[in-house]
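A.B. asks: Sequence:
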Amino acid sequence: SITMKSLSIAFAVLVLLVVTSDSEAAISCSDVIKDLKPCVSYLVSGSGQPPSECCTGAKSLASSVSTSEDKTAACNCIKSTSKSFKINSQLAKSLPGNCGINIPISISPDADCSKIG
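Taken in order, the sequence shown gives residues -25 to -1, 1 to 92; the numbers are from mature numbering (1 follows the signal peptide of the UniProt record, and there is no 0).
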């Protein structure tokens, strides 16, 4: 049977995990999606320069991912989300340069997020 002591320990560990993860919270996937949403139609079927809203969002994302945890979380989010779309890999690769930013995350369903950091 579960004792009061083991319940207290489990609760203490849970609180510690929540507090620790909150203080080092990586960027949320919803924030990543919000920033890159204006880029979706361009990345799927665009040509030429990306729309200014797309570059604004990409710049916002670039400034939000400062830690290794942020970069990995953003990469994993982009990787899983981009599987839902048929993204033009050439447009995705050239997006940072076309927007005048340096972002260490590839927009690809095949990105290796373990190599980011």
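By construction, these hints were calculated from the structure, which means they are not laboratory data.
Source: prediction; values computed, not measured.
Using N, Cα and C, we set each Cβ at its ideal position, and we do this for glycine too.
Hints should not be assumed to be uniformly reliable.
Distance ranges between label pairs, derived from CB positions [what the hints assert, rightly or not]: (1) Gly23 / Ser89: 11 to 21 Å; (2) Pro79 / Lys9: 29 to 39 Å; (3) Ser43 / Ile76: 29 to 39 Å; (4) Ser22 / Ser89: 26 to 36 Å.
EDC-like, lysine to aspartate or glutamate: derived pairs with alpha carbons at most 20 Å apart [claimed, not checked]: (5) Lys54 / Asp87; (6) Lys46 / Asp6; (7) Lys68 / Asp87; (8) Lys61 / Glu44; (9) Lys58 / Asp6; (10) Lys61 / Asp87; (11) Lys12 / Glu28; (12) Lys90 / Glu28; (13) Lys68 / Glu28; (14) Lys58 / Asp85; (15) Lys90 / Glu44; (16) Lys9 / Glu44; (17) Lys34 / Asp6; (18) Lys68 / Asp85; (19) Lys58 / Asp87; (20) Lys46 / Asp85; (21) Lys54 / Asp6; (22) Lys34 / Glu44; (23) Lys54 / Asp85; (24) Lys9 / Glu28.
A.B. asks: The structure should be examined with respect to each hint, and the outcome stated for every one.
C.D. replies: Taking the hints in turn, this is what the structure says about them:
The hint said 11 to 21 Å for the Cβ distance between Gly23 and Ser89, and at roughly 33 Å that hint is violated. Evaluation of the 29 to 39 Å hint for Pro79 and Lys9 yields a failure: the beta carbon distance comes to about 20 Å. Here the CB-CB span from Ser43 to Ile76 is close to 19 Å, at odds with the stated 29 to 39 Å. At about 32 Å, the beta-carbon gap between Ser22 and Ser89 stays in the expected band of 26 to 36 Å.
The straight-line distance between the Cα atoms of Lys54 and Asp87 is roughly 9 Å, inside the 20 Å bound, and the hint therefore holds. Proximity of Lys46 to Asp6 is assessed by CA-CA distance (about 13 Å); at most 20 Å being required, the pair is judged to hold. Annotation: proposed proximity of Lys68 to Asp87 holds, straight-line Cα distance about 14 Å (limit 20 Å). About 27 Å separates the Cα atoms of Lys61 and Glu44, which puts this hinted pair outside 20 Å; it is violated.
Between Lys58 and Asp6, the direct Cα distance comes to roughly 18 Å. Compliance with the 20 Å bound is thereby established for this hinted pair. In summary, the hint linking Lys61 to Asp87 is supported, as the alpha carbons are separated by about 18 Å, within the 20 Å threshold. Under the criterion of a C-alpha separation no larger than 20 Å, the hint pairing Lys12 with Glu28 is consistent with the structure, at around 9 Å. A hinted pair counts as satisfied when its Cα atoms are at most 20 Å apart, and Lys90 with Glu28 does not qualify at roughly 29 Å.
Restraint check for Lys68 and Glu28: satisfied, since their Cα atoms lie roughly 18 Å apart, inside the 20 Å limit. Proposed proximity of Lys58 and Asp85 is supported: the alpha carbons are some 9 Å apart, at most 20 Å. Note on Lys90 and Glu44: the hinted pairing holds, with a Cα-Cα distance of about 12 Å set against a maximum of 20 Å. As the CA atoms of Lys9 and Glu44 are separated by approximately 19 Å, the hinted pair is consistent with the 20 Å bound.
Distance hint between Lys34 and Asp6 is fulfilled; the C-alpha atoms sit about 13 Å from each other, no more than 20 Å. At most 20 Å may separate the alpha-carbon atoms for a hinted pair to count; Lys68 and Asp85 meet this at roughly 12 Å. For the proposed pair Lys58 and Asp87, the alpha carbon gap of about 14 Å is at most 20 Å, so the pair holds. A threshold of 20 Å between alpha carbons decides the hint, and for Lys46 with Asp85 the separation of about 16 Å falls inside it, so the pair holds.
Note on Lys54 and Asp6: the hinted pairing holds, with a Cα-Cα distance of about 14 Å set against a maximum of 20 Å. Restraint check for Lys34 and Glu44: the C-alpha separation of about 18 Å stays at or below 20 Å, so the hint holds. For the hint pairing Lys54 with Asp85, the CA-to-CA distance comes to about 7 Å; that is within 20 Å, so the pair holds. A hinted pair counts as satisfied when its Cα atoms are at most 20 Å apart, and Lys9 with Glu28 qualifies at roughly 11 Å.
Hint violations for this structure: numbers 1, 2, 3, 8 and 12, all remaining hints satisfied.
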